[in-house]
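S.K.: These are the residues of each chain, in order.
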Amino acid sequence: MTDATGPDKFDAPTPDNAMRMADKTNGPMLSADGTPLKKSLAKALRMQKIRALALIAPLLIFVLVSFILPIGDMLFRSVENQIVSDTMPRATEALEEWDGAGTPPEAVYEGAYYDLFFAAEQRIHTRLGSRLNYEQTGASSMFRRSGRGLDDIGELYRDQFEDLDENWDEAMPWAELMGDPEWIAEQSEWQEGDSQPEFTLREGIADILPKTAEQYENFALFQQDEEENSPLEEEPWSAVHTALYQDLAANDLSSYSGPRADMLIAADELVASPDFESLTFQQGFEEIDEDWVDPEIWRTIKLYSPDYTSGYFLNSVDMELTPDGVQPRPENERIYIMLFQRTLFMSLMITFSCILLAYPVAYLLSNLPARSANLLMILVLLPFWTSLLVRTSAWKVMLQQQGVINDVLVWIGLVADDSRLTMINNQFGTIVAMTHILLPFMILPMYSVMSTIPPTYVRAAKSLGATNWTTFWRVYFPQSIPGIGAGSILVFILSIGYYITPEIVGGNTGTFISNRIAYHISSSLNWGLAAALGAILLAVVLILYWAYDRIVGIDNVKLG
Amino acid sequence: MPDTGASDAFVAFERVQKSYDGETLVVKDLNLSLPKGEFLTMLGPSGSGKTTCLMMLAGFETATNGEIKLDGVSINNIPPHKRGIGMVFQNYALFPHMTVAENLSFPLEVRKIGKSEREKKVQRALDMVEMGAFGGRRPAQMSGGQQQRIALARALVFEPELVLMDEPLGALDKQLREKMQFEITDLAHRLGITVVYVTHDQTEALTMSDRVAVFDDGRIQQLAPPDELYEAPQNSFVAQFIGENNTLEGVVKEIKGDHCIVQLDGGETIDAKPVNVSKVGERTRVSIRPERVEVDPQLGPDAHTLKATVKEFVYMGDIFRTRLQVAGNSDFVIKTRNRPDQRRLRPGEEVTIGWLTEDCRALDAG
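If you read the protein sequences in the order shown, they are chains A and B. Numbered per this note's numbering, the first sequence spans residues 1 to 560. Numbered per this note's numbering, the second sequence spans residues 1 to 366.
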């Protein structure tokens, strides 16, 4: 920019001066007060941006908290699998060494004993049982039975120790043997309602009785934290006795000289004597359930011991994770691919029937004079004011074998009384009912697009010599496509995740994948599988949306 | 151009009536015929029935009564797409989902014309409106003036003998409109097509047409070439509607052949040419064009003159527009050319005005 009017007479900063200055120095464009123009623009816009953000903030937070986060959490469950390694930490660690052939080593059974014993005390072993039951039928009852049976193993040792010395089944002697004296002093002053001094092991006891120390500590902390009992008053559970036997069998404690030395040394001698009865953990498990010596269950546990699994997703597509790799499920257990296909097929059918029914109505709506159009529009919107459940139930009344339509058909003689049509509890019923329910979602976008097509286009086409059909097909229809597109995408996405209507009128053959998801959420409680199915459904919708955008272009979709 | 008889007329409306609601007539007894090659404009205020007439001719409205003939054949029952009439719409009505070339090709396709010939004709039509390079564009990518040319080319590409235009220049700015007015008339005359043009813009009507039909209240008020329409309006509506006009009201005192004397309501008497008055004592509205009024006139001894007071003087460049108070009418306007010796009147000045008898037309009382 050159200044042809001569030297500037204003020294004060003006927009013109600033621009001239910027030109002279070849620097960034400056605003009137000398700051760079970009900076002052950003400053001016910042306030607007903050205002805009503040306006949408409540909704944003609401959506985030009530919608995005729960959905994210649900979707995460489709791969989450910590329950196996959390509940059976020792066993899964020992299983890593195992190659999967034959029965697993004793270390695995030992780990499983302590893990399941603790889990049974916490009453969470059945949860793991039902988790593994998804992968191997029978696991659930096996785990439930084992929760009770594992006591038998420890009681074998406890009874023998108790026969030797009553103190082995008393709370206080155990506490003195294992606990820190200072802790015992504090704990004995504890009164119910106060917070308990946290249990600490006596110095050196973990070196001579490592397993017992670990188990007793587990027991003591569990009593303190979960049951709110004092370990000084509770006799230890039988897993502690089992651990004591293991420690005594492994180490020579004749030189022990701490508290309760006589009791411990006597027990050590008892264990060393040939009369002492013992059995391996494997034998113990075998007594509970024969299946525990079958490598099958151990392979399953090993397979699902990682924290994250693809198992749910594989299940969702009728595959399964086996020790031999990913394999298709047996023919008679395949269901989900078929359900997905059915959902897609029926959603397409519904979308298509909606297009067929909605197009003439929308056309009529957009071409009627305003008064009649308003009346028709009210009729279109009427279903929106009626409960979804009522509308669906109405279809039940209409379509059932003793229903209105069949009665009429029989009455006019089109159908014999003994061969009434089956129109409900199948795909036909679902398609009819859902087409009816979703029809307004197709009509409204179509109408809003069609009402913007000026009638002069039709007149122009006719004046150019086009017949009514050519005018419609070459001129009107192409311009109404955005409305069809918008309606279709709306109806398709709504129907692909529809639940209530297929649940009520779908029967066995007309249900959607969403009904299966609901089943897993509320009945079978297999949330991981439900989440995986939901994630796949979401992915399918997103892929279709993407494809739609590529083919039709989302810019062409007009909703109003 | 002489009014041709109905026998050799190319387009003819015969006693055509149109009613939408069965109670009122929008078009009342329309008789109109135009020969081949004529550029006829239907001019009138909105609601005067001109567009309805055009739509009846195009076939989008049916005549309630009477007959419309094209080339001697009644077209009342022929659907629009078989009439072979080209049409240009006010908002162009170019199909937005087709390119310019596809738009032009459309009327040829529906006539089943071969591809190579189609392309030739489309290109020729585009060249005709100087838009040869725009075939690949979409209508939305062009300016209003460009779209207008394309709409014109599309209406002409299938070589219709009759083209209807419904206020085609209404959406353009003034300069472009004037340019297009010239181009459209030029094109129409070059191609020898018959054009029926609807507008409410009188300048457009006067500059473009061979003849103008002035519509009001469902009737043709006057059908005449532009100069006749301006200089010799047949009734006070036409006089008012076409161009600027001064009116004075009064009663006919005396009629002598093509001369009459009118006594104005203020008592003054003036000379006028009787057009729509037949007997003494009738009320009349006399009409004088602003540019035909003379200040301090040099007229014959018998001529009547009027006293006037200058109210306002407006300098408009090529002309001066002076508003006067004359015989109780304070909206009496005179226009004088901006010549070096022209007097510039000042507000408050008292002047004498007069005119030639034939310029002052005694019309109906309205």
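Keep in mind that the hints are not guaranteed to be accurate.
Okay, the calculated beta carbon distance ranges per label pair [claimed, not checked]:
#1 B/S74 <-> A/S419: 37 to 47 Å
#2 A/A373 <-> B/K279: 48 to 58 Å
#3 B/L191 <-> A/S372: 40 to 50 Å
#4 B/G144 <-> A/I481: 18 to 28 Å
#5 A/F477 <-> B/R337: 56 to 66 Å
#6 A/A373 <-> B/N31: 33 to 43 Å
#7 B/E183 <-> A/P58: 53 to 63 Å
#8 A/Q341 <-> B/L176: 25 to 35 Å
#9 A/L60 <-> B/K179: 50 to 60 Å
#10 A/L53 <-> B/G144: 33 to 43 Å
#11 A/L53 <-> B/L176: 44 to 54 Å
#12 B/R337 <-> A/N468: 55 to 65 Å
Far from chain B, by Cβ distances over 12 Å, these chain A residues were calculated [as the list claims (entries may be wrong)]:
#13 K43
#14 F62
#15 E96
#16 M142
#17 G147
#18 G258
#19 L421
#20 I453
#21 F477
The hints are simulated quantities; they were obtained by calculation from the structure and are not laboratory data. Here a beta-carbon is modelled for each residue, glycine too, at the ideal position from N, C-alpha and C.
S.K.: Quick check on a hinted range of 50 to 60 Å for A/L60 and B/K179, using CB atoms only.
M.R.: 54 Å, holds
S.K.: Examine each Cβ of chain B, and state whether all of them lie more than 12 Å from the Cβ of A/G147.
M.R.: 71 Å, holds
S.K.: For A/A373 and B/K279, compare the CB-CB distance with the range 48 to 58 Å and indicate the outcome.
M.R.: 56 Å, holds
S.K.: If I claimed the Cβ atoms of A/L53 and B/G144 lie 33 to 43 Å apart, would that claim hold in this structure?
M.R.: 40 Å, holds
S.K.: Would you say the C-beta atoms of A/Q341 and B/L176 sit inside 25 to 35 Å of each other?
M.R.: 60 Å, violated
S.K.: Tell me if the beta carbons of B/E183 and A/P58 are separated by a distance inside 53 to 63 Å.
M.R.: Holds: the Cβ-Cβ distance is about 59 Å, inside 53 to 63 Å.
S.K.: B/G144 and A/I481, beta-carbon distance inside 18 to 28 Å?
M.R.: Given range 18 to 28 Å: holds, Cβ gap about 26 Å.
S.K.: Taking 44 to 54 Å as the hint, is the beta-carbon distance of A/L53 and B/L176 inside that range?
M.R.: Given about 45 Å between the Cβ atoms, the range holds.
S.K.: Does 37 to 47 Å hold as the CB distance between B/S74 and A/S419, or does it fail?
M.R.: 60 Å, violated
S.K.: Can the suggested window of 40 to 50 Å be confirmed for the beta-carbon pair B/L191 and A/S372?
M.R.: 44 Å, holds
S.K.: Between the beta carbons of A/A373 and B/N31, is the distance compatible with 33 to 43 Å?
M.R.: 38 Å, holds
S.K.: Check the non-interface label on A/G258: least C-beta distance to chain B beyond 12 Å or not.
M.R.: 94 Å, holds
The structure fails to meet hints 1, 8, 20, 21 from the earlier list, while all remaining hints are met.
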